[in-house]
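**Q** If you want the building blocks of each chain, they are given just below.
4 protein chains.
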Amino acid sequence: MLFKMPVYNAPDFTKPELASAPDCRLEAADMDGVAPEYYHSTSMFPEYFKVNGEWKLAEESRMDSSVVLRPDGRLDVVENRNIKKGDLVVLGRSEDGHEGIYVHSKGFMEDETELDDQFVFRQGRSRETSYARDYDRLFELLEYEKKHGFITWVMGPAFAFDHDARACMQALVENGYVDALLAGNALATHDLEGAMLNTALGQDIYTQKSMPNGHYNHLDVDNRVRRSGSIPQFIEDYDIDNGIIYSCVKNDVPIVLTGSIRDDGPIPEVIGDVYQGQDKMRSVIRKTTTVICLATMLHTIATGNMTPSFRVLEDGTVRPVFLYTVDADEFVVNKLLDRGSLAATTIVTNVQDFIAIIANGLKLDWKQYSKQK
Amino acid sequence: MLFKMPVYNAPDFTKPELASAPDCRLEAADMDGVAPEYYHSTSMFPEYFKVNGEWKLAEESRMDSSVVLRPDGRLDVVENRNIKKGDLVVLGRSEDGHEGIYVHSKGFMEDETELDDQFVFRQGRSRETSYARDYDRLFELLEYEKKHGFITWVMGPAFAFDHDARACMQALVENGYVDALLAGNALATHDLEGAMLNTALGQDIYTQKSMPNGHYNHLDVDNRVRRSGSIPQFIEDYDIDNGIIYSCVKNDVPIVLTGSIRDDGPIPEVIGDVYQGQDKMRSVIRKTTTVICLATMLHTIATGNMTPSFRVLEDGTVRPVFLYTVDADEFVVNKLLDRGSLAATTIVTNVQDFIAIIANGLKLDWKQYSKQK
Amino acid sequence: MLFKMPVYNAPDFTKPELASAPDCRLEAADMDGVAPEYYHSTSMFPEYFKVNGEWKLAEESRMDSSVVLRPDGRLDVVENRNIKKGDLVVLGRSEDGHEGIYVHSKGFMEDETELDDQFVFRQGRSRETSYARDYDRLFELLEYEKKHGFITWVMGPAFAFDHDARACMQALVENGYVDALLAGNALATHDLEGAMLNTALGQDIYTQKSMPNGHYNHLDVDNRVRRSGSIPQFIEDYDIDNGIIYSCVKNDVPIVLTGSIRDDGPIPEVIGDVYQGQDKMRSVIRKTTTVICLATMLHTIATGNMTPSFRVLEDGTVRPVFLYTVDADEFVVNKLLDRGSLAATTIVTNVQDFIAIIANGLKLDWKQYSKQK
Amino acid sequence: MLFKMPVYNAPDFTKPELASAPDCRLEAADMDGVAPEYYHSTSMFPEYFKVNGEWKLAEESRMDSSVVLRPDGRLDVVENRNIKKGDLVVLGRSEDGHEGIYVHSKGFMEDETELDDQFVFRQGRSRETSYARDYDRLFELLEYEKKHGFITWVMGPAFAFDHDARACMQALVENGYVDALLAGNALATHDLEGAMLNTALGQDIYTQKSMPNGHYNHLDVDNRVRRSGSIPQFIEDYDIDNGIIYSCVKNDVPIVLTGSIRDDGPIPEVIGDVYQGQDKMRSVIRKTTTVICLATMLHTIATGNMTPSFRVLEDGTVRPVFLYTVDADEFVVNKLLDRGSLAATTIVTNVQDFIAIIANGLKLDWKQYSKQK
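Protein chains in written order, with the working numbering: chain A, 1 to 373; chain B, 1 to 373; chain C, 1 to 373; chain D, 1 to 373.
Any given hint could turn out to be false.
Which copy is meant is left open, because identical chains are indistinguishable; a pair holds if it fits in one copy or across any two.
To be verified - Each computed DSS-like pair below joins lysine-lysine, with the alpha-carbon atoms no more than 25 Å apart: (1) K250 - K287; (2) K15 - K287; (3) K106 - K209; (4) K4 - K209; (5) K371 - K85; (6) K209 - K335; (7) K250 - K50; (8) K4 - K367; (9) K371 - K4; (10) K363 - K56; (11) K85 - K280; (12) K335 - K280; (13) K371 - K250; (14) K287 - K367; (15) K367 - K209; (16) K85 - K56; (17) K146 - K363; (18) K50 - K146.
Worth flagging that the hints you see were computed from the coordinates, not collected in a lab.
If we strip away everything but chain A, and leave its shape as in the complex, we get (with noise of 0.2 Å):
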C-alpha cells in the first residue's frame, strides 16, 4: 500500500498570534472587474480569514484570485475579472496571520517523514527521473479515486494520434476512472476523426500510412459535427462506436472543450470566450480531487492556474488535491514548478506509453477496444 491519504491537520488558531490577530480589511470594489488596490491575492493552499473575530476558511479556492466576503459570511475566491462593484474584498499581502490572513501551506505535512514520502515538492524532474513509484501509487490512487473521488483529465490534441493510447483511455473511461474531461477542440476532433475514419489528420492511427487528400479528414469531422449540431448528434448520425469522446458522451462524462486561436472548426460544444472557458473548466476543478494533464502546455497550465491544493469534503474534513502532469518535454512539465502553481506530480515521458502502462497496471482489457482486430 503506497496510497495512503494524509490527514489534515488544521492550523491552531489558540496560539497567540493567530488568536490576537487582527479582523483582516475589506475593502468594497468600486468598480467591476476590478480589485482595490492592496487587494489580497490567493495560493492555492488553504486559506484562512478572521472575519468578526472568527478565523474561517475560503473553501473553493485557486490561485492569484481576490476574496469576497459574501453577506452569508461565505468566503468566495473569485478572479478579479468577476469582481463586481461592491463586492467586499479582503486586503493584505502577507501569509502570517498579522493582517488576518493566515496561509496554511504544511496542512497535510505530520512530520519530516510524511513530508518526505507524500507532499515532496519535486523539482527537476527529467527523463532521468525513476518513476516506478509514481507509477504503482498513482495505480493504487486511480483505484481510490474511483470509489470515493472525482479524477479529471486533461488532454492535449496529440493524445488520439495513437491507435493503442486512444484503446486504452476508451478503457479508462467505460470503468470509472474518468469523472470529466477537459480538453481543446482539437483533441474531439482527432479523436472523432479516427472513430469515423481511422485517421488523425489524415494518418492511419495504426499504420501510420497517410490517406489520399486526408487533410480534409479532419476538416470533413469538423464540418460534419456542426452540421449535426451536437457531438451525441453526430455520434447517432453517423453510428460511430469506439473512442474517447464516444466513451464519454456514451457514460455521461462531462467534457468541457475550450477554444484557442489555432483551432479550425470549432465543433459545436467547444466554449469560444477563453474566460468563460475558464468558468466552465473552474466549475469542473471544484469538484475534482485528482487531476492527470496530458501532453498539452496550454491546458495544464490553465488547470494548474484554478486548481487549489486541497478539496474542502462534504462532511468538511479537508483532503488534498493530486495533480499529475505529463509531458514528453521537462519543459513543459517543469514550467508549472517555475510558476510556482502546484504541489504536482510530474512525468516525463511520452504520454502513449504513459496511458498504456496505467491501463496495464490496472489490469483493464483495453484490447476489445481496440479497432485492429
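Please arrange chains B, C and D on chain A, whose structure you already have, making use of the hints.
**A** Frame of chain A; chains B, C and D shown alone:
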C-alpha cells in the same frame, strides 16, 4: 545582395488541360457555418477557379478554408464557421484543373536554381543548422519591407522577460520595422510590468533578482490596466515611458491581443472570443508581407494557418509572403512543417539572442532604450 | 502477423550496364592508416564490386569505410585507420556500376506496397507519431530474433536509474531476448550500484530518496569492482544477485563496455581506447540482426555508424538488419536520420516506459526481478 | 562595472572545533588504481586537511577524487585510477572538521548581498530566463581574463557548422580571448573541412547547399590530415588560411582533442585513450580560470567533473574559477546542476548566436574572418 524579390509566374491558362477545363462546381450552403459536402478546402498557395469560362485567382487566401463566389464575381476565402446560408461554395478536391480548380504551388520558382536559392521548403532544421545566410538575408528583407511591405511580429509571452531583448524590440518598433504586433495577454502584461516595475513575473528583468511579493506584480499591472480601461490610458495614468507595448502605442502600431485559457486578467484590449480573435488577426495578416513569429507555439500555428504564401498588391502584382518562425525548440519550429502549413524559414535559437542579432545587424542603437544606465 | 522477413532481391547483373561495366579500380595504400585519394567509401547498403569480371558482394559492411581486396578474393570493409600499407583499396565514387561499383539500396523492396510497409525511411518522427504498430511488430520481431537472430542492445547510462526498467530489462535477459549488450562505464556502474545499494547516483531507484553521502555510492562501486579485478569477480565477492549486468554475466551474454571522457572509475572491463572499443563493438555488430538503442546519443550514433542494413547468413541468404532507436528527445532520434546513416525505426519516449511496454508485450513476468517486495 | 573579482575568505582555523580537530586519517593504498575503503572523495570546493596539527589546502583540486599526502607534505588530488600502491590516501566522509577534513564551500561569499550577486547557484534556467546581465558581465570577465587569467573553451562538434559562428570564434582566438581549446575529433574535422572545402558534413556552411558527394568531404579531410601526419603539417600542405583550428595553431593556442566511439578518422592529434585524454584535459584545466562550454554534453560534463571552483595563483591568492555552459537544450545545461558538479552559469541558446553576441559585445571585427566576401 542576398534578397531579391521573386517574380511571380502566373499559370499558363492556354495549356490545353486548363483551357479545356470545366467551370468549377458550386453549391449553396444550406445552413450557417457549414460547408456542403465535397467542398474545396484551400491551401496556402495561389488558387485559381474557373468561373464562367475564366480562371480567377482567390486573392486573399488562407489555408483550410472554403471558397465562396460572391455576387460581384469576387472569390472569397472563408472559414467554414463564417459561411452563411446561401453562400455559393466551390466544390472539388483536386488541384490540376480538371474540376475547374488549379493550385499554383510553383508560381515563384523560375528554374531549379531559384527553387534552390529562394523558396526551398526546408525541413528538419535544428540547432546545428547554419543560419548565417538566413540572418544576412533577413537584414536585407527587413530593410526592403520597411519601405515597401508590412511586417507583422507574433510574440510569445516570454519575450519580455529579458532586458536586452525588450530594448532591441523597442528599437525595432521605433525605427519602423514593426507594422503590427500579434500577441496574447501575457506578453502585454509582462512588458507593461517591465515598464512599470522593471520585473517580469516579479523577477528583475536585468538582475534576475526576485522581488519580495513579486508575484503580485503582474496581477497588479493587469488590475491597473483594467482600472484605466485601456492600455493607452494606463500608459498615461502611470507615466509609462518604455517597452514594446509603449512604443507600439506611441507609434500607432496596431496590436492585436487574443486570449487563451491560461490568461490572468485579462487587460481590456484582449479579445476573449478566440474566433473573433482569429478574424481580427486575419484582418492584419491580409495586409502583411512578412511575418516573424517568436517563441510561441500557440500564436505561431494560429498565424501560420491563416497566412497564405502570396499577397496581391494594389497594382495587381503577386509577391510572396515571407514567414519566419524562431524558437529554442526544434519541435515547435518543425511543427508547422509537419502540418504542411507553410513555406517558412525556421531558426532554432533563443529569441532573446535572435532579436539582439537582428538589432545589431540593422545597426540600431538599441542601448538607448535600455533601462540599465 | 505484422512481421514478415523481407526477401532480398539480388541485383540483376545481366543488365547491359552492369554486365558491361569495367572492373573496379584498385590502388595499394602507400602508408598505414591512410586511404589513397579517390577511395570509395561504403554506405550501409549491400555493395557489389566487379573484380576479374565478376560482381562480388562485400559481405560484412559498415558505413564510411574503405573496401580492401584481400589476396584470397574476399572484400573487406575496413575503417581507414585500420588500412595497412599495401592493402588494395577500391577507388570510385559512383554507385551505378560504371566504375565497377554497384550500391544496391533497394534489395529488400519488392514493390511499392512492401516499400511502404516494411522499409520506409521514416523521417521527422516525434512525440506525436503513432507507435502502436511499431510496438506490435517489435514484439513479433523479438520473438523471431530470439529463435533465429542475434539481438544487440545499446544502453545509455540513465537506464539503470529506474527500478522497474531495470527489472524489465533483467527479464529480457533471463528470457533470451538479449544476445549482446553495448554500453559505457556509467550504465554498468549504476546498475551494479543498484544491485549492491539499491541506489543510482545515491538516490534510491524506487523511492527516489537521496541517501546520506549517497554520492559516494557509485564511486565505491567503481572502486570495489576495480579491487575485485573484474565484474564477475565483484559479483562473486559481494554476492550480487540482481540487475542487468548480473543477468548478462549469469547467462553468458557478452558485454562490451567502451570508455568516454566523462567516466569515473572505470571498472576493469571498460575499454579505454575508443578505437579499440569501436573494433570490439563492431565484432559484435558483425553477428547482429537487430539492434535496439536506448537513450544514448553517443553509443547510438557510434553503433549506427557501424551497422549495415543487411547481414549475410551462413547459408548465403541476405537479410535485413533492423535498428531501433528510442529516446525522449526528437533531436537525438532524428540525429541518425540527419546523418543519413540508417534505415532506423525511431521512437520518441522515455526508455523506462518503452522497456515496460516491451516486457508486458512479451508477457514476461518481470515483477519477479523486482527488488521491491 | 558588473565584474568584480570576489575576495576569498579563508576558514577561521582558530575556531575551537577546527583548532581542536584531530589530524585526518591516512591509509596506504594496497594496490594500484584502488583507494582504501572509506577514502575521502573531493568536491569542487576548497578542502583543507589537518596534517601534523596544521590545516593545509589541497591546491589543485577536482571533484570525485582521492587526496594523497605526498612525502614532501603536498596534498595531491588524484583520480582513483591514478593511485599507486603505497600512496597515503586521506580517509573520512564528513566536511565539518571532526575527521580532520574541512570543506570550505562559502569562501567567496562575504555577505548575503555578495552571495546573491556573485555566486548564486542557479537552478532551473531555461529559454525564458533573462540573460542580459550575464552577457554584460561575461564581456567584462573576458576582458579581465584576457589580461590576467586563462580562458579555456570547450566546443562541441556542431560549432563549425555555421559560417558566422566560425568567423566569430576565429576573431576571439586572434584577439587573445582563447588560451586553450578542448574538443573532439569532429569539431576539428568539421572546422578543417570548412577551411578547405567551405562545407561541414558536405553542406556549404553559408548557403546550406548540399554538395554532390559531399559526404566524402569530412572523410577526405580526415584522411588527408592523417596523411600529413599532424594538423600543422596539414595546414601547411594544403594552404589552410582560415578557421578556428587554423587560428589556434597560428597563435600557439594549445588544443586538446579527445576521442569518442562515434569518431571517424581520427586525425592524428586526437587522444584515443579517454583516460589519458582526461589527464591531458586536466593538465589544461589546472591553469584555467574561466571555462566556457559550448554545445557539447560529453565534453561539458567531462570538463565540469575536473574543474574545481577555485584556483590558487602563484602569489598564493585564491580566486574563483568561472564556468559557463551554453546549449540549446535545458536538459544539457541543467545536467551539470543535477550532478551537483559546478557553480556554473548556464545559458540556454543556440551557440552560434551566443558567440555572435560575444564577438559583438567585445567589439571584434569578426567580419574580416568571413569567407563570404
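**Q** Look at each hint and say if it fits the structure.
**A** Verification of the hints:
{"no.": "1", "hint": "K250 - K287", "verdict": "within (21 Å within a copy, 47 Å between copies)"}
{"no.": "2", "hint": "K15 - K287", "verdict": "neither (32 Å within a copy, 59 Å between copies)"}
{"no.": "3", "hint": "K106 - K209", "verdict": "between (52 Å within a copy, 20 Å between copies)"}
{"no.": "4", "hint": "K4 - K209", "verdict": "between (46 Å within a copy, 18 Å between copies)"}
{"no.": "5", "hint": "K371 - K85", "verdict": "neither (55 Å within a copy, 37 Å between copies)"}
{"no.": "6", "hint": "K209 - K335", "verdict": "between (34 Å within a copy, 19 Å between copies)"}
{"no.": "7", "hint": "K250 - K50", "verdict": "neither (46 Å within a copy, 46 Å between copies)"}
{"no.": "8", "hint": "K4 - K367", "verdict": "between (31 Å within a copy, 23 Å between copies)"}
{"no.": "9", "hint": "K371 - K4", "verdict": "between (37 Å within a copy, 22 Å between copies)"}
{"no.": "10", "hint": "K363 - K56", "verdict": "neither (44 Å within a copy, 55 Å between copies)"}
{"no.": "11", "hint": "K85 - K280", "verdict": "within (22 Å within a copy, 31 Å between copies)"}
{"no.": "12", "hint": "K335 - K280", "verdict": "within (24 Å within a copy, 30 Å between copies)"}
{"no.": "13", "hint": "K371 - K250", "verdict": "within (18 Å within a copy, 42 Å between copies)"}
{"no.": "14", "hint": "K287 - K367", "verdict": "neither (31 Å within a copy, 36 Å between copies)"}
{"no.": "15", "hint": "K367 - K209", "verdict": "within (21 Å within a copy, 36 Å between copies)"}
{"no.": "16", "hint": "K85 - K56", "verdict": "within (23 Å within a copy, 56 Å between copies)"}
{"no.": "17", "hint": "K146 - K363", "verdict": "within (14 Å within a copy, 27 Å between copies)"}
{"no.": "18", "hint": "K50 - K146", "verdict": "neither (36 Å within a copy, 59 Å between copies)"}
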